[in-house]
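*Asks:* As they're listed, the protein sequences go chains A and B. In this note's numbering, each residue's number is its place in the first sequence (first place is 1) plus 1196. In this note's numbering, each residue's number is its place in the second sequence (first place is 1) plus 17.
Treat the hints with caution; some may be incorrect.
Label pairs and their in silico Cβ distance ranges [unchecked claim]:
1) A:K1667 to B:G140: 12 to 20 angstroms
2) A:K1784 to B:T231: 35 to 43 angstroms
3) B:S361 to A:E1636: 27 to 35 angstroms
4) A:E1660 to B:G221: 41 to 49 angstroms
Facing chain B, according to a computed beta carbon distance under 8 angstroms, are these residues of chain A, among others [stated by the list, open to error]:
5) H1272
6) L1647
7) N1677
These are computed hints drawn from the structure, not numbers from a lab. C-beta atoms are modelled at their ideal positions from N, C-alpha and C, and glycine is treated no differently.
Spelled out, the chains give:
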Amino acid sequence: MEELDGEPTVTLIPGVNSKKKQMCFDWGPGEMLVCETTFNKKENSETVPGCPFIYIIRKDIDVYSQILRKLFNESHGIFVGLQRIEEELTGKSRKAQLVRVSKNYRSVIRACMEEMHQAAVAAKDPASGRQFSSQVSILSAMELIWNLCEILFIEVAPAGPLLLHLLDWVRLHVCEVDSLLADVLGSENPSKHESFWNLVTILVLQGRLDEARQMLSKEADVSPSSAGMCRVLGDLMRTMPVLSPGNTQTLTELELKWQHWHEECERHLQDGTFASSPHLECLCKIMLGDEAALLEQKELLNNWYHFLVTRLLYSHPTVKPIDLHFYAQSSLDLFLGGESSPEPLDNILMAAFEFDIHQVIKECSIALSNWWFVAHLTDLLDHCKLLQSHNLYFGSNMREFLLLEYASGLFAHHSLWQLGVDYFDYCPELGRVSLELHIERIPLSTEQKALKVLRICEQRQMTEQVRSICKILAMKAVRNNRLGSALSWSIRAKDAAFATLVSDRFLRDYCERGCFSDLDLIDNLGPAMMLSDRLTFLGKYREFHRFYGEKRFFDAASLLLSLMTSQIAPRCFWVTLLTDALPLLEQKQVIFTTEQTYELMRCLEDLASGRPVQGEASAQRLQEDLENTKLEILRLALARNLARAIIKEGSLEGS
Amino acid sequence: MEDFCAKFVSQKISKTRWRPLPPGSLQTAETFATGSWDNEENYVSLWSIGDFGNVDSDGGFEGEHQLLCDIKHHGDVMDLQFFDQERIVTASSTGCVTVFLHHPNNQTLSVSQQWTTAHYHTGPGSPSRSNAPCTGVVCDNPEIVTVGEDGRINLFRADHKEAVRTIDNADSSTLHAVTFLRTPEILTVNSIGQLKIWDFRKQGNEPSQILSLTGDRVPLHCVDRHPNQQHVVATGGQDGMLSIWDVRQGTMPVSLLKAHEAEMWEVHFHPSNPDHLFTCSEDGSLWHWDASTDVPEKSSLFNQGVRSSTFLSHSISNQANVHQSLISSWLSTDPAKDRIEITSLLPSRTLSVNSLDVLGPCLVCGTDAEAIYVTRQLFS
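Given the sequences, and given the hints that come with them, work out the whole structure.
*Replies:* Structure follows, in structure tokens:
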């Protein structure tokens, strides 16, 4: 047993005092049943009335958020697309493809975040507003982590471009500056705006030096005294060597240029160029990567990873991925300064900087309230071939484990179960069995829904489930007195036993009412008739009636006889069949030949001699029935027909 | 590829319908209704694509549909039709048929009329009734016809409390859809591959005509009638096949066209341009069938999503006797002469496309992936 990674959260069940009362529970696929019990508790069990409710505890509550549903649905499409791009792509194009997928996921998170934000603003009561706001911050943290993982694990940016990506990352997530910028520029006299220097500092901290330069020129315009200094600093900003994507210069060239530039900045500071303006001097120190000067701007930096990136920008612009964790750790320590301990988010980011993917996923699983994030991120990283080596000591690999958890959560939801199916499909080891277990538990409220579930099963050759669903529907139809429907379902399930049962119901109804119901179905059985003997008999017997109705007596007669001689007709039905023969025997024409008449007689005597076939009692009743009503009439009719047939056949031969 | 606008709406959409335009109007459609299914709470919603005057605050680009109003619906919305400009009729999985009224002044929906147990099962030997899902509804002001899993056909009038006419046990299997053929006559499709024509002038519970797919008894899920040639009918089946029928002659389809890979949930002739037909399916695809004969050879240009159809069977021996000019392009059975061009409209295949509707240049469809797709440039 491994030790726990964190304290398990406590969920209080309303109405149950767990100190005084005993509770019991049962696991479900995505939820748990909890209720009070007095099991095995002798004393004082009957005194205090307990809590009369059974509670359903859901573990993945985010599934039930209306707005997050969009995230689940939209990302489902991306997920399925990702599983399909696969193998044929290699190298560069594959990487580009994976980065695009990652960006798609992020844009879905962002869209969701925006909507959540609007919901928070529009919320009428403060409680739900707070709830939305906390969701926004969770989503924003998810996007932040994902973005960093994208840069480090998927993009795998080398030294140089790595820093550019990190800068973009920080700019994207510390975005208050844009509204501040608009605010300052919109004011009458920007350089006199109270936040002017804050703004310039933030721009420099984020490496947005062009914009910072423009701001400085505004300052230079209004205060001639500092115009010179502003120009010098502006020139330093302009000449700072940066890696541009289209440029072919090597890293060493860049480092060399950067070193020169750095020395120039240093010289200006030593010479006291900016001594008369503390603001400008501070900016210059920042551009020199001076840690003390940077830490003074804690308020503006917001967080340690911003500090890290700014520090790298102005002191180690060509940082290698492998050295990243060293700077990250020291930045975190410096920034927090021993005053506070790192939060879960800090730990996750730190793990990412250490390139410890498993730690990232583990921390996220603990910190986040849903499986969506870890399942999708892990799957994507798995497609980058980063998780091959890792196997769990339970289930299959980590990717599959997380996908299964997520998909089970979807299946627990009233309507998101359809999404879960595709996730199970892409879990090679346990997906199939999980799907089989879950799909049988979908409530089938309408036939339309049942058809959708059936389609899912049929596409995956899950014959056992197909049979069981059809059987459920057939049973339902029987209960609702819809025999035609029931027969259709049992034909679809190829369920011979049930088809026999329904056919018997049809025959019984016929015996009672003297006419068939659901002719549109029985007349059109086609090859499906062969499913069970009883169904064949039903179809053929109905055919006999049709022949008779169409006055095709000869066809009717031979069909009737063959039903008995071939043993398709159940013995209990023979009386009815023989009775049906009566009108044919009484026709003016001779219908049955001598041979056929002999056969009929044998059938009759077989019955009359009462070979007990299906138990003594029923045979007895059958016999009585037969004797009381029809035996004599039938014998007489058969004898007369035999006589007529002999005469007819004899005379035909004679002529 | 048409310009589709997608919006995720957090509910599985079972039906989408354009609001009919007032007669003689030259506008393009801009309001549609949707119904949801399989949610804990289902809704009937009205959406609009109009220009709202003010610029969208959330940066949503122009032409995205916005929710006008919605109302809770008891049970899954199994079918939904506009009765007139203001009224919407829905069929519920609870067997209830409801008429909703839209109040444009304050943008609300209210229940204006309801037949609560329009469809029901009677258990064996007991008088107790249990609800049966109502699967289809069709309106022709003032009449409303509904069909259900109980095999029952109901004829309602908007101003009558009770059903005007009920045919019990009209079908031994589930009726999946219904449409008007000529005014007193309706057409139903069922789960054993039959197409039945009913005449309300006749008494009794026998259809006036039964047409059926031979052999396999593949369930039929949807039916639509050609808007001008009332004898031409299209149906879609469980195997995704499109069948074209001529109800004047024969008891078998004129042609069977191999189409989708799973259940075809809806088929619609374009109301004003009936050489075009639209289908959607459980396999997540939405297709545009173009049978107009003057189509230039385009298949080389659009490799993706375009393929020519294959005629699996075409019979009707006396077809040749019919005057050539009278034959609809859907009935001609010469595969060499008439190629039907098929275009797949949705960019990526997702979960089932449950419903679609076309009106003028506008198309709307709804999916199980909880998205509504709209385009207003169908033929551009």
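*Asks:* Given a hinted range of 12 to 20 angstroms, is it respected by the beta-carbon distance of A:K1667 and B:G140?
*Replies:* holds (19 angstroms)
*Asks:* Measuring from the C-beta of A:L1647 to each C-beta in chain B, is the shortest one below 8 angstroms?
*Replies:* holds (6 angstroms)
*Asks:* Return holds or violated for the Cβ distance of A:E1660 and B:G221 against the range 41 to 49 angstroms.
*Replies:* holds (43 angstroms)
*Asks:* Minimum Cβ distance from A:H1272 to chain B below 8 angstroms?
*Replies:* holds (7 angstroms)
*Asks:* Please verify that hint: A:N1677, Cβ, nearest Cβ of chain B, below 8 angstroms or not.
*Replies:* With Cβ-Cβ at 5 angstroms, under 8 angstroms, it holds.
*Asks:* With 27 to 35 angstroms as the target window, see if B:S361 and A:E1636 comply at their CB atoms.
*Replies:* holds (33 angstroms)
*Asks:* Using the beta carbons of A:K1784 and B:T231, state whether their distance is inside 35 to 43 angstroms or not.
*Replies:* holds (38 angstroms)
When each numbered hint is compared with the structure, no violation occurs for any of them.
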